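**Student:** Assemble the complex: chain L is given as a structure, and chain D must be docked to it using the hints.
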Amino acid sequence: MAAPTTLPSALADAVRDESSLRRFLHGLPGVDQVGVEQRAAGLGTRSIKKASKLHAIDLAISMVDLTTLEGADTPGKVRSLAAKAKRPDPERPEVPRVAAVCVYPDMVKTAADELKGTGINVASVATAFPSGRSTIDIKLADTRFAVEQGASEVDMVIDRGAFLSGRYGLVFEEIVKVKEACGDAHLKVILETGELVTYDNVRRASWLALLAGGDFIKTSTGKVQPAATLPVTHVMLQAVRDWKNQTGELRGVKPAGGIRNTKDAIKYLVAVHEVAGPEWLDPHLFRFGASTLLNDLLMQRRTQLDGHYSGPDYVTVD
Amino acid sequence: MSDRVTVAKTYKLYIGGAFPRSESGRSYPVTDSKGTFLANAAQGSRKDARDAVAAARKAFDKWSGATAYNRGQVLYRVAEVLEGRREQFISEVAASEGVQLKKAQSIVDTAIDRWVWYAGWTDKIAAVLGSANPVAGPYFSFSTPEPTGVVAVLAPQQSSLLGLVSVIAPVIASGNTAVVITSQDRPLPAITLSEVLATSDVPGGVVNIITGRTAEIAPWLASHADVNALDLTGAPESLREDLERSAAGTVKRVLRNKVSEDFAVTPDMSRLRAYLETKTVWHPMGV
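Protein chains in written order, with the numbering used here: chain L, 1 to 318; chain D, 1 to 287.
The hints are simulated quantities; they were obtained by calculation from the structure and are not laboratory data.
These numbers come from a predicted model, not from an experiment.
Keep in mind that a hint or two might mislead.
In the BS3-like style, the derived pairs of lysine-lysine whose C-alpha atoms are separated by at most 27 Å in a straight line are [as the list claims (entries may be wrong)]:
1. K50(L) / K47(D)
2. K53(L) / K47(D)
3. K47(D) / K263(L)
4. K77(L) / K58(D)
5. K9(D) / K34(D)
6. K223(L) / K109(L)
7. K279(D) / K124(D)
8. K86(L) / K263(L)
9. K58(D) / K263(L)
Derived DEER-like restraints, expressed as beta-carbon distance ranges [to be verified]:
10. D113(L) / M285(D): 38 to 46 Å
11. P93(L) / R77(D): 51 to 59 Å
12. N40(D) / E249(L): 53 to 61 Å
13. D113(L) / A132(D): 48 to 56 Å
14. D201(D) / E249(L): 54 to 62 Å
15. M285(D) / S62(L): 48 to 56 Å
16. Y28(D) / T292(L): 33 to 41 Å
17. K124(D) / T292(L): 34 to 42 Å
18. D313(L) / D201(D): 28 to 36 Å
19. L54(L) / R240(D): 26 to 34 Å
20. D106(L) / R213(D): 50 to 58 Å
21. T292(L) / M285(D): 37 to 45 Å
A short, non-exhaustive set of chain L residues, derived as facing chain D with CB atoms under 7 Å [stated by the list, open to error]:
22. H308
23. Y309
24. S310
25. G311
26. Y314
C-beta atoms are modelled at their ideal positions from N, C-alpha and C, and glycine is treated no differently.
Just chain D, with the same shape it has in the complex:
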């Protein structure tokens, strides 16, 4: 068999359920841990981030209005499609993170399990975090968790798949929509995840994935008035304080998890709880 010419890929962004090129027209080479060229990824700009926020806002009503049961089904379907792409993820994780195949397999398996874990949470959040409050009168008072809105997620720089899944799944499980800035140097698993999301039942705009330089795009998301929460997990150390300060300008929820978070251990509810607001409703016509 003759030597094939390899197909060098130039990936695009994932915004509003479509795969547009970066508005800036830029792209950058992605290499494996040893510096060998893997593919070109789109280098997103602040305008791509703005478009992604608009898409996420548009998708929010329908996604947050879907029943928790339905969201769980959709997320479980994503896990199924993830499973179907298992081999691709393993090779990409192995190349990006420079780990042995066996280790990569275990990372991918954990990532899929993590997704399923969060998929199971969707219809239990209200039971765990909500309450029927005791009142001194013939009334009802209920507190229910409601999604915060559009969440800007700076995905972990090191853990390119497991970390990514661990930050996206809790955001959308509770009905938020997400704008994700991927790991700058290891974006390939995130790009494949966007292909998974596009071919599963997740409505367009619920997750928007932007590749590029975190330090360039993050400040625009932190100050954006239509973003409701910010996950700083993948933020460069030098930028964290500034990002928090500009996020405070429009009173965003800010999740300040430490950079060295170990994603391999089974998480608790903290990431789910971070993007929920409590709505308390009185029912004056009660018992």
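If we strip away everything but chain L, and leave its shape as in the complex, we get:
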């Protein structure tokens, strides 16, 4: 097995072969389920108001990966989504742009053309999203196609079947190969935590993805329930923090699916600040995979500034 970067000796050892990888992943400390859930719930009760809330809303908007992953997607829908990404609230030009637009590979070109020169990234899901049930050749071709079309970020899914049956080497190799196929594009590795069952598995998968060179670890595809939850995101934030402590590298986290309102988004931001650290409060290191969240953020932003509640009649229908 080839380590993607120069790693400290302990981590370089871990990726030497499949059995050392297994030994490393199973040697990771277990997650205290009650503890992490309690801590997540505790941090969720923080009260963020007034100016801090407005700041948090703007930060959250700039972290949104505006996503449309439907079978019914059309170029027109992607274009309108791109327009929304550029100017989320047409009446208020000071609202920050979102971080990226996330689409299926065949829609990447449409999105890339619309977003040229704006600084907004185009993310594409790849590798037989959302199930990941295909051969490695098809997964790599899928990735290359997305990058050729102009995607600057690739969201890949791991082979959960292989992971759950303990074939960590296979999953690792796949991530390494997809990372190669990405070239300069950022790689986000979707763990699909809803299928991993335990927090221990989430921690192992997070480390596996980080070892294999994923720039981001992402909770879910959004197609499986439960999608992103606070405790799962906690475990993943701990992993990137520990990764930084051991290697000095900064890797990102992206919760996706099920984050629908501002209150939830702010809970995540609190978790990022407290678990990983303030330097992760940055669109380069933390993202929200969401579609309906943006409208709620905009409505809350208006509520804060106008002094009265806003309504869905005043934001776009996606």
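**Tutor:** What follows is chain D alone, placed relative to chain L:
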């Protein structure tokens, strides 16, 4: 028989078909007309109002899309359940309004009859207020009444059941959904009505009932951009002008009935008509 310890009740709100506590965690004591403690009621906050509006908006599509016949059946079912709770309503009205039992009985009977009266209107509104318009050509043109949307209702402060029924029923009969702020000092009949609505066939969110201080919550509903109409019946006199002004900010329909409205007399259609919009449709392929 030994003396029972009385069960002191602490009621909750009625939002989206469920009975949540107030987000603020507050409650306030409710007394009868002589000042004797009756129960605790939840003291709703602006966030409860916001949640109620969201619930009402969510319920609107299904309720307004239901056939008028179906809405009539549902409302009639409510009247049946009201009838089943008759004794409870009589004692609550007697305690809240400080009237004799006989008078309370007559109030409750009138309230139930009022509900039935509005239930009968659901499938007649379109016939009375709609029209097939004469046009000079081989076309059809129809005007039909459509529900306005989410209606914020400030229920009468004095008439705790009859007044309440007289303001809620016309709102939902035509397919609107309602967020109701009850009488501040006499909320018990409204709370029992919410239990009636929860156990009849009214879908959750069609009526949302919030107890608490009218003057605290009303301004938030008046300015809320997702509320389409506002009934000022129970608004404090000093607040009416401000409420109207903020309601104008998002062009709401405002019903400015006078505080001293007599609910005992059989109403006309004005309350029904207040929450209807007219939609006119041309059918270019006609005769």
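**Student:** Next, verify each hint and record whether it holds.
**Tutor:** Now for the hints, and whether the structure bears them out:
Distance check on the hinted pair: K50(L) and K47(D) sit about 15 Å apart at the alpha-carbon level, within 27 Å; holds. Proposed proximity of K53(L) and K47(D) is supported: the alpha carbons are some 16 Å apart, at most 27 Å. For the suggested pair K47(D) and K263(L), the alpha carbons sit about 13 Å apart, so the restraint of at most 27 Å is met. Annotation: proposed proximity of K77(L) to K58(D) holds, straight-line Cα distance about 24 Å (limit 27 Å).
Proposed proximity of K9(D) and K34(D) is supported: the alpha carbons are some 19 Å apart, at most 27 Å. A threshold of 27 Å between alpha carbons decides the hint, and for K223(L) with K109(L) the separation of about 23 Å falls inside it, so the pair holds. Under the criterion of a C-alpha separation no larger than 27 Å, the hint pairing K279(D) with K124(D) is consistent with the structure, at around 16 Å. A hinted pair counts as satisfied when its Cα atoms are at most 27 Å apart, and K86(L) with K263(L) qualifies at roughly 24 Å.
Between K58(D) and K263(L) the CA atoms are separated by roughly 19 Å; this keeps the pair inside 27 Å, and the hint holds. Range check, D113(L) to M285(D): about 41 Å between beta-carbon atoms, so the 38 to 46 Å window is met. A hinted range of 51 to 59 Å for the beta carbons of P93(L) and R77(D) is consistent with their spacing of about 52 Å. At about 57 Å, the beta-carbon gap between N40(D) and E249(L) stays in the expected band of 53 to 61 Å.
Between D113(L) and A132(D) the Cβ separation comes to about 50 Å, which falls inside the hinted range of 48 to 56 Å. Restraint check, D201(D) to E249(L): a C-beta distance of roughly 60 Å satisfies the suggested window 54 to 62 Å. The hint said 48 to 56 Å for the Cβ distance between M285(D) and S62(L), and at roughly 51 Å that hint holds. For the pair Y28(D) and T292(L), the beta carbons lie near 36 Å from each other, so the given range of 33 to 41 Å is met.
One distance hint, 34 to 42 Å for the beta-carbon pair K124(D) and T292(L), holds here, with the actual separation near 39 Å. The hinted window of 28 to 36 Å between D313(L) and D201(D) holds, with their beta carbons roughly 29 Å apart. Evaluation of the 26 to 34 Å hint for L54(L) and R240(D) yields a pass: the beta carbon distance comes to about 32 Å. Range check, D106(L) to R213(D): Cβ separation about 56 Å, and the 50 to 58 Å hint holds.
Distance hint check for T292(L) and M285(D): the Cβ-Cβ separation is about 39 Å, which falls inside the suggested range of 37 to 45 Å. Hint on H308(L) holds. Least Cβ distance to chain D is approximately 3 Å, under the 7 Å limit. Interface restraint check: Y309(L) against chain D, minimum CB-CB distance 4 Å, threshold 7 Å, status holds. A hinted interface residue such as S310(L) counts as satisfied when its beta carbon comes closer than 7 Å to some beta carbon of chain D; here the least separation is about 5 Å, so the hint holds.
Annotation: interface hint on G311(L) holds; nearest CB of chain D at approximately 3 Å, less than 7 Å. A least Cβ separation of about 6 Å between Y314(L) and chain D falls short of the 7 Å threshold, and the interface hint therefore holds.
Checked against the numbered hints given earlier, this structure breaks none of them.
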